[in-house]
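One-letter residues, chain by chain:
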Amino acid sequence: MLSIHNLSVSVAGNPILNGLTLDIPAGEVHAIMGPNGAGKSTLSYALAGRPGYEVTGGTATLNGEDLLALNASQRAAKGVFLSFQYPTEIPGVPALTFLRTALNAQHRARGEPEVAAPAFLKLVRAKAAELKIEFEMLKRGLNVGFSGGEKKRMEIMQMSVLSPKLAILDETDSGLDIDALRIVSEGVNAMRSPDRAMLVITHYQRLLDYIRPDRVHVLSAGKIVASGGPELALDLEREGYDRYARAA
Amino acid sequence: MTVHSPSLARAIETGDLTELPSRRDEAWRWTDLRGLLRALPPKSAATDESFAGPFDKLKASNLDIVNGGGGAIAVPAGEHEIWRVVFGANAEAGTHLNTLEVDVAEGASLLLLETYLGDDTAYVADTAVAIRLARGANIERLVVSEDGAGAVSVSIATVSLAADSRFAQTVMTTGARRQRLETRIAHPGAGAMVRMDGVYLLAGQRHADITTVVDHTGPGGDTDQMIKGVVSDQARGVFQGRIVVAHGADQTNAKMKHDALVLSDQAEVDAKPELEIYADDVSCTHGNTIGALDQEAMFYAAQRGIPEDAARAMLTRAFVETVVDRIENAAAREVERGWIAARLGVAP
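Sequences listed follow chains A and B, in order.
In terms of our numbering, the first sequence has 1512 at position 179, counting the first letter as 1, and numbering is strictly consecutive.
In terms of our numbering, the second sequence has 965 at position 10, counting the first letter as 1, and numbering is strictly consecutive.
Derived by calculation from the structure, the hints in this document are not laboratory data.
Keep in mind it's a predicted model, so treat the numbers as computed, not measured.
For every residue, glycine included, the Cβ atom is placed at its ideal position computed from N, Cα and C.
Hints are not guaranteed to be accurate.
[Said to hold, decoys possible] With the C-beta cut set under 7 Å, the calculated list includes, among others, these residues of chain B facing chain A: (1) R1259; (2) I1261; (3) A1273.
Let the sequences and hints guide you as you build the complete structure.
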C-alpha cells in the first residue's frame, strides 16, 4: 500500500533522510524505531507534505499514486493521516468546526457527498465516547488548553473520523501516562483494518506492548538499517541503539 | 492663536484644497488626502435611492442619508431605541457632506446601526457624527463600512460622555480608495465606560485608517479597546490609537490592543498606539502585534485535508472573531458574524 523507495529529504539544505526504502502492505502495522536525530519525524513530515521538507531523491507512492507530486491537503484527501507528536493549538476554531471542515474538504476533493451536520455529530459523539473525550471539549478551540494526553486522544479521534488509508503515528506515546497510553492504543488498534496501513514511529518499545507491529524497522542516520519481527523491538530495548549508530 | 487642523469637511465647504490633510500633518501622515485629490468632484446630486445593507433584517427605525445631508436622533430619558442609519453614495455621487446628531438622555439607551454604503464610483464623502450621552445613558454603536473601491471617505465621530454613561463601539470596514474612520471621545471618568473595538478586512488596493482618541479628564473611568486587522494584496491598514489620561484622572483603567495579520508581501499595516499619562494612580496597558498567519496551524489544517485558501479563511475568521464576540446585542452580533464570514468566504 505504502511504497517508499530510496527517499532522500533535506531540511534547510541539510540532508536528513538518505535513501530510505520501506514497504507497508495493506493491513499491516509497521513500527519505526530509532535514536533521536535519526530522521523519524522528518520521514513523517516528508510523507505528509510539510513545506520545507525538500525531497531530493526517490519515490513515495500510496496505492501506486505518487504522493510527492501532491500538496499536504491533497495527500490528506488521498488518505494520508499524520498524528502529530506535538498537535498544534488553533485558538478560536472549535474542534468540531475544524474536524467537520476537514472531513467535508476531503469528501469534496474525492468527489464524495458532504456529511450533513446531524450525521457528523452522531459520528463524533460515538468516537469521542470511545476515547473518553468530553463532548464539551470539542466546542472549545482545538487543542487550546488541552493536556498532552487530551491532545493525543484528540488526534486519534480525528484519525478515526477521517478514516485514512495510511495512518502515521509520530511519537504518539510521548507525554502519555499509562492510562492515556492504553486508551490511545485501544483507539489505534480499533482502526486496524485489511485496507489500511499504519506506520508507528516511536523512540521506546513501550508503545509496542500495546500496539503490536507486524514489522519493526530501525532508522539510523536517515535510512533503514535493520528490519525484523516484533522481537526486534525487544532487542533494541535491551541493547540500545548504539550498534546501529555505529553501523550507519 | 488657534492651531490649524486640516479637514476634508472644510475643504469641501470652501473648495480650498489646501485645507485637505496631507502627509505633513502628523495625525494624517498615513492617510494623505492632499496628495491624492487634485480636484474635488462636483457636488453630489440629490437622490431618494435606498440601499440594501447588512442590518436590514433587524427591527429598527430608519434614517437614510444619501449623497449628503443631515439627520438627528434624540432618545428621551429612560427610553430604549434602535436606529439604523445609512450613509449612502450612489452613481450620482460626487462630493458631499453628511452630518448626524445623536443625543441620548439620562438613563436612556440606543443601539445605533450605522452603515456606509457606496458604489465603485470615485465619490468623496465626509461624515461628521456628534454623539452626546447624558448621565447613565448607554449606546452601542455598530459601524459597518462598505464604501466603494474608488471612494475617498472620512467619518469623524465626536463623543461626549457623562457620569456613569457607557459608550460601546464596534467598527467593521473593508476600506475604500482612502478611508478614515475616526472616533474622539471626551471621557469624564466618573464611572463612565468606553469600549471601542474594530475590524478592518482589506484586499486589493484598499486603505482603511482607524483612528481613535480618548481623553480621560476625570478620575474613575474605563476604556477598553480591541482592534484587529487583516490585509492582503496591496492593501494598507492604519491604526492610530491615543489614550490621554489627564493630571488628576486617577483610577483610570485603560486597555488598548491592536493585532494585525499581513497576508501578502505587498500589504502594509502602520500602527501608532499611544498612551499619554499625566496621572499617577492608573492602570493602562497597550499591546500591538503585526504578523503573518501561524504556519504551524496552516500545515496542521492542510494535513487534515483543508486546502490552503479555506485554512487561511478559517484561521483569519478565528482571529477576528474575538472582536465580534464582544458585541453586546445578540441579533446584531450574529449579523456581524455573518458579514465577516461572507467577506472571508467561509460558512457562517
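Structure-based check of each hint:
With a least beta-carbon distance of about 4 Å to chain A, the hint placing R1259 of chain B at the interface is held under the 7 Å criterion. Interface restraint check for I1261 of chain B: the shortest CB-CB distance to chain A comes to about 5 Å, inside 7 Å, so the restraint holds. Satisfaction of the interface hint for A1273 of chain B is found here, the shortest Cβ-Cβ separation to chain A being roughly 3 Å, below the 7 Å cut-off.
In summary, the structure agrees with every hint in the numbered list given earlier.
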